[in-house]
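> Now for the letters of each chain:
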Amino acid sequence: MTDTLADHADSQLIKGQTLIEMVDVGKSYGAIRALRGISMKVNAGEVTCVLGDNGAGKSTLIKIMSGLHPHNDGRLLVDGKEASFSSPREALDHGIATVYQDLAVVPLMEVWRNFFLGSELRVGNYPLARLKVKEMRAIADEELRKMGIVVKDINQPIGTLSGGQRQCVAIARAVYFGARVLILDEPTAALGVKQSGVVLKYVAAARDAGLGVVFITHNPHHAYLVGDHFVILKLGSTALDGTRDEVTLDQLTAQMAGGDELAELSHELKR
Amino acid sequence: MSQSVQAAPATVPSEPSNRVKLGMSNRILARPEVGALVAAIIIFIFFMAAAPAFRSAESFFTVLYQASTIGIVAVAVGLLMIGGEFDLSAGVIVTTAGLVNSMFCWYLGVNLWIGAILSLAFCLAIGFLNGYLVMRTGIPSFLITLGTFFVLQGANLGVTKLVTNQVSSTDISQIDGFDSLANVFAFTIKVGGVTVWGTVIYWLIFVALAAWILTRTRTGNWIYAVGGAPDSARAVGVPLFKTKIGLFMSVSFLGWFVGMHILYRFNTLQAGNGVGNEFLYIIAAVVGGTLLTGGFGNAWGVAIGAFIFGMTSLGIVYAGWDPNWFKAFLGVMLLLAVLVNLYVKRLSTTTRKAD
Numbered sequence: 000m001t002d003t004l005a006d007h008a009d010s011q012l013i014k015g016q017t018l019i020e021m022v023d024v025g026k027s028y029g030a031i032r033a034l035r036g037i038s039m040k041v042n043a044g045e046v047t048c049v050l051g052d053n054g055a056g057k058s059t060l061i062k063i064m065s066g067l068h069p070h071n072d073g074r075l076l077v078d079g080k081e082a083s084f085s086s087p088r089e090a091l092d093h094g095i096a097t098v099y100q101d102l103a104v105v106p107l108m109e110v111w112r113n114f115f116l117g118s119e120l121r122v123g124n125y126p127l128a129r130l131k132v133k134e135m136r137a138i139a140d141e142e143l144r145k146m147g148i149v150v151k152d153i154n155q156p157i158g159t160l161s162g163g164q165r166q167c168v169a170i171a172r173a174v175y176f177g178a179r180v181l182i183l184d185e186p187t188a189a190l191g192v193k194q195s196g197v198v199l200k201y202v203a204a205a206r207d208a209g210l211g212v213v214f215i216t217h218n219p220h221h222a223y224l225v226g227d228h229f230v231i232l233k234l235g236s237t238a239l240d241g242t243r244d245e246v247t248l249d250q251l252t253a254q255m256a257g258g259d260e261l262a263e264l265s266h267e268l269k270r
Numbered sequence: 000m001s002q003s004v005q006a007a008p009a010t011v012p013s014e015p016s017n018r019v020k021l022g023m024s025n026r027i028l029a030r031p032e033v034g035a036l037v038a039a040i041i042i043f044i045f046f047m048a049a050a051p052a053f054r055s056a057e058s059f060f061t062v063l064y065q066a067s068t069i070g071i072v073a074v075a076v077g078l079l080m081i082g083g084e085f086d087l088s089a090g091v092i093v094t095t096a097g098l099v100n101s102m103f104c105w106y107l108g109v110n111l112w113i114g115a116i117l118s119l120a121f122c123l124a125i126g127f128l129n130g131y132l133v134m135r136t137g138i139p140s141f142l143i144t145l146g147t148f149f150v151l152q153g154a155n156l157g158v159t160k161l162v163t164n165q166v167s168s169t170d171i172s173q174i175d176g177f178d179s180l181a182n183v184f185a186f187t188i189k190v191g192g193v194t195v196w197g198t199v200i201y202w203l204i205f206v207a208l209a210a211w212i213l214t215r216t217r218t219g220n221w222i223y224a225v226g227g228a229p230d231s232a233r234a235v236g237v238p239l240f241k242t243k244i245g246l247f248m249s250v251s252f253l254g255w256f257v258g259m260h261i262l263y264r265f266n267t268l269q270a271g272n273g274v275g276n277e278f279l280y281i282i283a284a285v286v287g288g289t290l291l292t293g294g295f296g297n298a299w300g301v302a303i304g305a306f307i308f309g310m311t312s313l314g315i316v317y318a319g320w321d322p323n324w325f326k327a328f329l330g331v332m333l334l335l336a337v338l339v340n341l342y343v344k345r346l347s348t349t350t351r352k353a354d
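If you read the protein sequences in the order shown, they are chains A and B. Take the first sequence: its letter number 4 is residue 3 in numbering that gives the first Met the number 0, and every next letter is one higher. Take the second sequence: its letter number 248 is residue 247 in numbering that gives the first Met the number 0, and every next letter is one higher.
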């Protein structure tokens with residue numbers, strides 16, 4: 000599996016090189032400030048974990064990086080150049096691929112069509128050019144097999160796969176199409192223990208292949224298993240920012256469980 | 000870490016091994032057009048038995064002609080529905096297309112080809128407007144196109160009254176270009192003594208083209224994707240805006256095409272025509288297995304749906320029954336189709352989810 004990931008990963012990636020840098024980024028929806036003063040870096044070959052409670056601004060943060068909504072404050076640097084994406088296509092063209100928790104695939108479409116959706120192989124570049132159906136089926140099947148996902152029938156609707164498998168197909172797809180930065184939006188949230196393990200192994204494999212990974216989760220245990228750098232968001236701003244050496248699992252867990260608020264609460268509820 | 004990574008393939012493949020592989024019968028049943036095909040065969044046999052006049056080749060091609068006038072627009076409506084949208088203005092735009100051509104050329108006395116091209120541009124603009132409003136405002140296409148439906152219906156009557164002082168367009172058969180346009184849009188050929196309308200041939204071409212686009216081109220992939228899960232589609236880089244507006248414009252293009260046929264076949268048009276046909280298109284699509292919520296269906300199914308429409312509308316006449324019952328029959332067909340589709344879909348997906 001590591002071989003495949005490494006095969007497709009951009010060989011120009013140098014470990015530790017900064018791929019995305021956010022400087023003081025903010026985002027408001029009308030009168031509501033969803034995010035303010037966020038500064039973080041995504042480095043090649045590292046997993047940056049973004050943690051936070053519901054409504055902390057995690058989704059807004061990835062929407063900015065993945066091109067669903069442009070930011071309106073601060074600067075977003077991709078490979079050192081300032082950028083502002085107006086569509087996911089633009090972000091993809093910069094090698095930034097996002098795997099969403101719930102909107103990763105089109106359930107009624109076949110596995111191979113989902114694998115190639117948005118990047119279909121065609122015989123020419125004219126309207127109505129024929130799709131290379133056979134090649135796409137074969138490639139999708141082979142790639143998934145190499146990454147340890149075996150589907151009985153590459154022609155079955157992807158909605159019939161389990162949640163973990165769907166996540167893995169989406170990750171495999173992003174890597175196959177040359178993602179340099181992989182943004183994973185709560186990939187383990189809806190999964191069982193074993194399925195989560197499978198997904199986390201892919202996260203680690205992507206990191207080892209030199210990709211920059213942004214791992215969004217609200218499970219500190221999952222984050223600590225693979226993370227190099229941890230950012231905790233609270234009410235739209237950074238509550239904690241540290242590398243693996245500076246942060247312990249207990250600190251992460253405490254912060255995620257509510258931190259100071261929890262201490263206050265336990266004081267109030269003292270019996 | 001890399002140790003555990005390399006160990007992964009050994010454990011993962013065993014996971015889906017308890018998945019049930021679909022049998023051939025289930026895979027066939029899962030195709031959207033199967034329910035419609037079965038229904039079409041039953042109805043065909045039924046009218047063969049009940050209506051002696053139905054049994055000639057001549058009446059078979061009349062049925063095909065009847066089906067083609069609905070089927071051509073229904074193909075585009077089917078694509079649009081797979082793409083997750085409705086177009087209620089598809090019925091009246093047919094009449095609008097003919098009226099624009101006819102009255103523009105009659106009023107100014109110019110060649111009919113100029114009017115036909117102007118009418119095409121006009122229809123495409125309406126399709127674009129429908130799509131643009133739906134995508135920009137986020138208002139359901141059902142409401143937006145209901146609006147354009149009423150606007151066009153009123154304008155058809157109002158403008159025709161203003162220009163010609165009556166509710167039908169004037170005789171244009173003496174204007175330059177009529178014969179050549181009639182040769183393109185309203186020609187017939189004789190096959191072994193049987194009259195075959197050109198629209199039947201056009202219909203088959205459009206259906207084959209749509210089937211090709213849906214399954215064999217990138218555009219088709221995008222149509223299924225924007226109908227099945229628009230947000231996922233957008234997130235992987237499918238241009239939602241372009242795909243959906245293109246679908247609305249193809250509906251108005253085929254509406255224009257049928258409008259041209261009707262104009263050059265009958266020469267004059269009743270300004271109130273076409274109202275209600277939008278539902279026939281939708282029925283053809285749904286009977287053909289298209290999912291109302293989008294993301295599922297195919298072009299051959301829609302064609303079979305239109306063929307069922309043609310058979311029943313004429314079969315009732317051939318059988319000598321009161322044709323007033325036709326709409327009631329159509330309603331029953333629609334309900335049955337929806338039930339069959341629901342049943343087939345449940346059957347074909349639950350077996351797969353056996354894990």
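These are calculated hints, taken from the structure and not from any lab test. Treat the hints with caution; some may be incorrect.
[Said to hold, decoys possible] Derived DSBU-like pairs (lysine-lysine); straight-line CA-CA distance at most 35 Å:
(1) A:K145 <-> A:K133
(2) A:K80 <-> A:K133
(3) B:K241 <-> A:K131
(4) A:K233 <-> A:K269
(5) A:K80 <-> A:K151
(6) A:K80 <-> B:K326
(7) A:K193 <-> A:K145
(8) A:K269 <-> A:K131
(9) A:K133 <-> B:K241
> What hints, given by number in increasing order, does this structure fail?
Per hint list: 2, 5, 6 and 8 violated.
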